[in-house]
Structures are given as structure tokens and as C-alpha cells.
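Student: Make the full structure from the sequences, and use the hints.
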Amino acid sequence: MRRELTTLVASFIVLSVPLAAHHSWTADYDAAKPVTVKGVVTKVEWTNPHTHFYIESKDEKGTVTSWNFEMASTLALERGGWSRKTLPVGAEVTISGFGGRAVTERAIASSIMTADGRSLFVAKPGN
Amino acid sequence: MRKSLVVVVAVSIVGVALPFVAQSQDLGRRLGGENGPRRAAAVDRPVPKLADGKVDLSGVWSGGGDGTIERLLKPGELDGIMLPWAKKLYAERNATDGLDPYFTCMPGGPLRITGGFGWRLVQHPTTNSTHIFMLQEGNAHTYRQIFVDGRKHPEDPSPTWYGHSIGRWEGDTLVIDTIGLNDKFWLDSGGTPHTEQLHMVERYTRTDFNTLRREVTIQDPGAFTRPFTVTFTARLGTPDSEILEYICIENNQYGLAQGLSLPNAKK
Chain W
328 MRRELTTLVA
338 SFIVLSVPLA
348 AHHSWTADYD
358 AAKPVTVKGV
368 VTKVEWTNPH
378 THFYIESKDE
388 KGTVTSWNFE
398 MASTLALERG
408 GWSRKTLPVG
418 AEVTISGFGG
428 RAVTERAIAS
438 SIMTADGRSL
448 FVAKPGN
Chain P
3 MRKSLVVVVA
13 VSIVGVALPF
23 VAQSQDLGRR
33 LGGENGPRRA
43 AAVDRPVPKL
53 ADGKVDLSGV
63 WSGGGDGTIE
73 RLLKPGELDG
83 IMLPWAKKLY
93 AERNATDGLD
103 PYFTCMPGGP
113 LRITGGFGWR
123 LVQHPTTNST
133 HIFMLQEGNA
143 HTYRQIFVDG
153 RKHPEDPSPT
163 WYGHSIGRWE
173 GDTLVIDTIG
183 LNDKFWLDSG
193 GTPHTEQLHM
203 VERYTRTDFN
213 TLRREVTIQD
223 PGAFTRPFTV
233 TFTARLGTPD
243 SEILEYICIE
253 NNQYGLAQGL
263 SLPNAKK
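Protein sequences appear in the order of chains W and P.
Counted the way my numbering counts, the first sequence spans residues 328 to 454.
Counted the way my numbering counts, the second sequence spans residues 3 to 269.
Heads up, some of the hints might be wrong.
Stated by the list, open to error - Not everything, but these chain P residues come out facing chain W in the computed CB check (under 7 Å):
hint: 1; residue: L246
hint: 2; residue: I249
hint: 3; residue: C250
hint: 4; residue: E252
hint: 5; residue: N253
hint: 6; residue: A259
hint: 7; residue: Q260
hint: 8; residue: G261
Please keep in mind that the hints were generated in silico from the structure rather than gathered at the bench.
Predicted model, so just to flag it, every value in this text is computed and none were measured.
We treat Cβ as the ideally placed atom computed from N, Cα and C, and that holds for glycine.
Tutor: Spelled out as C-alpha cells, the structure:
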């Protein structure tokens with residue numbers, strides 16, 4: 328038990344180290360503002376330093392909200408198996424991420440699920 | 003007991019994993035760590051040599067300049083050697099997240115050119131080579147030029163982002179000496195300050211087929227009380243690795259989500 332706890336504590340420390348990294352994404356985005364948006368891709372900016380996917384979502388009342396989701400660079404996505412056509416205009420997606428500190432609808436994506444239930448690579452996991 | 007431990011573990015993992023995943027992506031985006039080429043699997047091959055007997059360092063590499071100086075040194079060491087003005091500026095930079103010129107697409111300087119993004123070392127494959135190039139795919143899509151023809155540094159070079167670099171071989175180690183740097187970039191992603199007196203001596207050793215050790219001695223009497231050395235490791239990319247194009251200024255929206263409008267950021 329003690330040993331397991333030690334392992335747990337050790338894992339926690341290892342996992343926590345990157346959290347302390349300087350100049351984190353939290354400068355622009357707020358970890359306390361998790362967002363999940365289901366909508367349709369209206370524009371793709373296959374650009375650097377980051378790609379941007381623009382999504383329009385509609386709530387129960389029919390109110391449309393436009394979102395600008397930041398994604399990884401074209402390099403990271405291409406090396407992760409993407410092309411500029413992976414998520415085209417008109418595609419239905421569910422994107423989760425974190426809202427911008429000042430502008431919530433300028434968000435950063437942490438996961439993407441396509442309408443047919445495929446989870447797309449967001450950034451290289453693990454290594 | 004075991005069941006409760008499992009619950010504790012699961013809760014801890016969920017608690018840590020969410021920000022960790024996002025942070026991990028961020029390192030990829032901001033610093034390029036995950037933008038790099040896939041790393042080659044370990045192979046049992048000797049370090050390659052050129053016809054003239056020099057070690058061949060050419061290839062696509064990833065890493066070798068990421069990591070902050072503060073973390074690479076002993077705890078408290080950086081703080082102990084920064085001059086008072088540098089310590090003050092370092093604290094300010096750490097308090098005002100986001101002002102690293104690198105995030106507005108300016109070059110990262112010589113220490114960071116090998117960090118994060120993939121980079122290719124081009125070594126003239128003949129005897130009597132005169133230049134070595136380091137090509138970085140990321141950020142400002144830039145390069146370093148290292149003169150290996152025996153020339154000296156100019157007397158009083160105008161400071162530039164990558165300075166004046168001369169290289170020489172000490173056995174199987176490539177030694178690069180750089181001066182003539184400006185003070186417009188942050189030395190590392192941690193925000194370590196420096197001055198135009200910065201003098202970098204890098205020692206590159208291919209310790210095995212896949213590994214390039216980079217030992218950097220930093221001397222800057224304008225910022226630090228004494229020289230210090232930090233060591234990085236670059237890994238060889240898979241054989242099919244190529245550097246790709248990345249033009250940071252193309253669509254930089256950095257700062258907009260936090261309500262800032264920074265130079266080189268597009269609305």
C-alpha cells in the first residue's frame with residue numbers, strides 16, 4: 328500500500344511538471360472555461376503558427392454562435408495524419424476545449440469528434 | 003483498501019490529465035515540441051563519418067534547445083548568478099506572460115533554433131568545407147550559418163539575431179563559437195535575459211547514431227556573474243523525415259483571445 332502510494336505520488340509529480348511550464352497556453356485561454364461546441368465548420372484556416380477552425384453552433388432557441396477554435400500548426404497536424412481536407416467546411420463536429428480569457432468564443436481545441444464518431448488527432452499524445 | 007486506492011488514483015489522473023493534455027498540446031504549439039519529426043528508433047549502427055574522417059552530423063533532428071535554463075541548472079543557481087537588473091527583468095517577464103518576442107514571430111536566437119521544431123544540419127559533404135548550416139523549419143523559418151573555413155570573428159560585429167558563428171573540430175566534437183548577438187530575443191523560453199555581450203560556445207557530439215549532445219557554455223558579463231553550461235539532447239528523425247514549411251507571421255492570432263493586440267498578430 329505504502330509503495331503504491333509512493334508510486335501514485337511519483338506519477339503525480341511527473342505529470343505535474345509540464346503544468347509549471349513557462350508561457351503556457353493559459354496566457355490566451357482559460358483552463359477554468361471548458362467549452363464543448365457542437366456545430367458546423369464554416370471556415371478553415373490551414374495556416375501557421377496555428378490552424379484555425381471556425382464553427383457555427385445553434386442552441387435550442389436557434390441562436391447562432393460563431394466560434395474560432397485554435398488548433399495545432401499545420402506541421403503538427405500533418406505529422407499526425409491530417410491534411411487540409413480532414414475537417415472540411417460543412418463538416419459537423421463536436422469540439423471541446425477552453426475559452427479565451429477575454430473572448431470566450433476564441434477558444435483552443437483539446438478534442439474533436441466527427442459526426443460519425445471518430446476522434447481526430449489534436450496534437451501528438453504522449454511523445 | 004485496494005478499491006479506494008483505485009478511486010484515488012482515478013480521480014487524481016482525471017484531475018491532472020485534463021490540464022496536462024492541454025498543456026502538452028500547448029508545448030507543441032507554442033514551443034514546437036510536438037511539431038517535430040518522428041524520432042528514429044534506436045539502431046545499433048556506428049556514428050557515420052565523412053570521407054575526410056569528420057563525424058557526419060547532418061540530418062533532420064528534433065529537440066536540442068528546448069527546456070529553460072532555470073530548470074537545466076541546479077535549483078536556485080540561475081537566480082544566484084543573474085545581475086540585479088537581469089533578475090528584475092526575469093521576474094517581470096515571468097509576471098507578464100506572453101511578451102516573448104518569439105510569440106510575435108520574431109526569431110528565437112541561437113540557443114532556441116534547435117528547440118522544438120524540426121531542424122536540419124547541413125554539413126558540406128566534402129573535405130575543405132567552408133560552411134555548416136542549421137535550418138529551422140519553425141517560427142521565423144530561419145537558419146544559422148557557421149563558418150568552418152578558419153576565419154576569425156570580425157572585430158566589432160553589428161549585433162544580429164543569430165550573431166557571427168565560427169566552427170572548428172575538436173576530435174569528433176564540433177565546437178561553435180558565437181558572438182555579435184543582439185538583445186532583442188529571450189535567451190530561452192523561460193525569459194532569461196542577456197546583453198549584446200553574450201558569447202556562446204556550443205559543443206556538438208554525436209554520442210550514438212540517433213543522439214546529438216549539445217553542451218552550451220553561456221558567458222555574458224552584462225547579465226551574469228559567471229559563465230555557466232547547459233546541456234541539451236537532440237534526437238535524429240526517422241529516415242523519411244523532412245523539415246516542413248512554417249511561416250509564423252502568416253496567421254498569428256496570439257494575444258487576441260486574452261484581449262491583447264500584439265505586433266504581428268492578425269485580427
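Student: Against this structure, judge whether each hint is valid.
Tutor: Okay, the hints, checked on the actual structure:
The beta carbon of L246 of chain P comes within 5 Å of a beta carbon in chain W, closer than 7 Å, and the hint placing it at the interface holds. Satisfaction of the interface hint for I249 of chain P is found here, the shortest Cβ-Cβ separation to chain W being roughly 6 Å, below the 7 Å cut-off. Contact between C250 of chain P and chain W, as hinted, is supported at the beta carbon level, the nearest pair being about 5 Å apart and thus within 7 Å. Nearest Cβ of chain W to the Cβ of E252 of chain P: about 5 Å, under the 7 Å cut. The hint holds.
A cut of 7 Å between beta carbons decides the hint on N253 of chain P: the least distance to chain W is about 4 Å, and the hint holds. Checking A259 of chain P against chain W by beta carbon gives a least distance of about 3 Å; that is within 7 Å, so the hint holds. A distance limit of 7 Å between C-beta atoms decides the matter here; for Q260 of chain P the minimum to chain W is near 4 Å, and the interface restraint holds. At a threshold of 7 Å, the smallest CB-CB gap from G261 of chain P to chain W is about 3 Å, leaving the interface hint in force.
Going through the hint list in order, the structure satisfies each hint without exception.
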